[in-house]
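Student: Kindly generate the complete structure, drawing on both the sequences and the hints.
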Amino acid sequence: DAKTTQPPSMDCAEGRAANLPCNHSTISGNEYVYWYRQIHSQGPQYIIHGLKNNETNEMASLIITEDRKSSTLILPHATLRDTAVYYCIVRRTSGTYKYIFGTGTRLKVLA
Amino acid sequence: EAEVAQSPRYKITEKSQAVAFWCDPISGHATLYWYRQILGQGPELLVQFQDESVVDDSQLPKDRFSAERLKGVDSTLKIQPAELGDSAMYLCASSGDRQYNEQFFGPGTRLTVL
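Chains as they are written, first to last, in the working numbering: chain A, 578 to 688; chain B, 25 to 138.
By construction, these hints were calculated from the structure, which means they are not laboratory data.
Computed from a predicted model, the values in this text were never measured in an experiment.
Backbone N, C-alpha and C define an ideal beta-carbon position, used for all residues, glycine too.
It cannot be assumed that every hint is accurate.
A short, non-exhaustive set of chain B residues, derived as facing chain A with CB atoms under 7 Å [claimed, not checked]:
1) I62
2) G66
3) P67
4) A112
5) L115
6) F129
Tutor: Right, dumping it as structure tokens:
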């Protein structure tokens, strides 16, 4: 499974867009990019996933570069409740589909 | 909205004792996962079930950990005997059958071994 690299921490002002980068330079053709977040003392929460096209849902947008070696999760208008650890994961679509979580990016939204 | 249920939410035990955690996945989800999360780290998969069958337990310390999902619905994770290093959050998740399906996580059980 491909490994991901994320900055350990980021700050973002409330109301501004939060852009969280992820590097996955060894991603293979059958691996999706998933993003989850974990608010303190809770289980991880699914945000979004994509293969090669940009994706948007009610929570966020996912921008995947054309070569698929990196991606950016965008929270368009960050709120204090978005303070959490954000995990970028690449995952096969065959076999046991195991997630391998790294240490993620700790996003702090500032008032 | 359907949720993954776990109990207990907190457990304090002494080393060498036995502990058990329970998970009830979202109805209809065939795949169930148990993760362990040490403070400051991401979750690590311990075991994955497809219905009642184990499909991945490569990271499960089988000398002391066991997991079962007898009827392919709810599941139990047991540790016997507990060791100090087992102190962690134990998370259960479930997902549907499609390969790209996301996982839904429960609130976790925080275990403290004294």
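Student: Indicate, hint by hint, whether the structure satisfies it.
Tutor: To see whether the hints hold, each was checked on the structure:
1. I62: Violated, because the Cβ-Cβ distance from I62(B) to chain A comes to roughly 11 Å (cut-off 7 Å).
2. G66: Status holds, d = 3 Å.
3. P67: holds (5 Å)
4. A112: violated (13 Å)
5. L115: Holds: closest Cβ of chain A sits about 5 Å from L115(B), inside 7 Å.
6. F129: Interface hint status for F129(B): holds (3 Å vs cutoff 7 Å).
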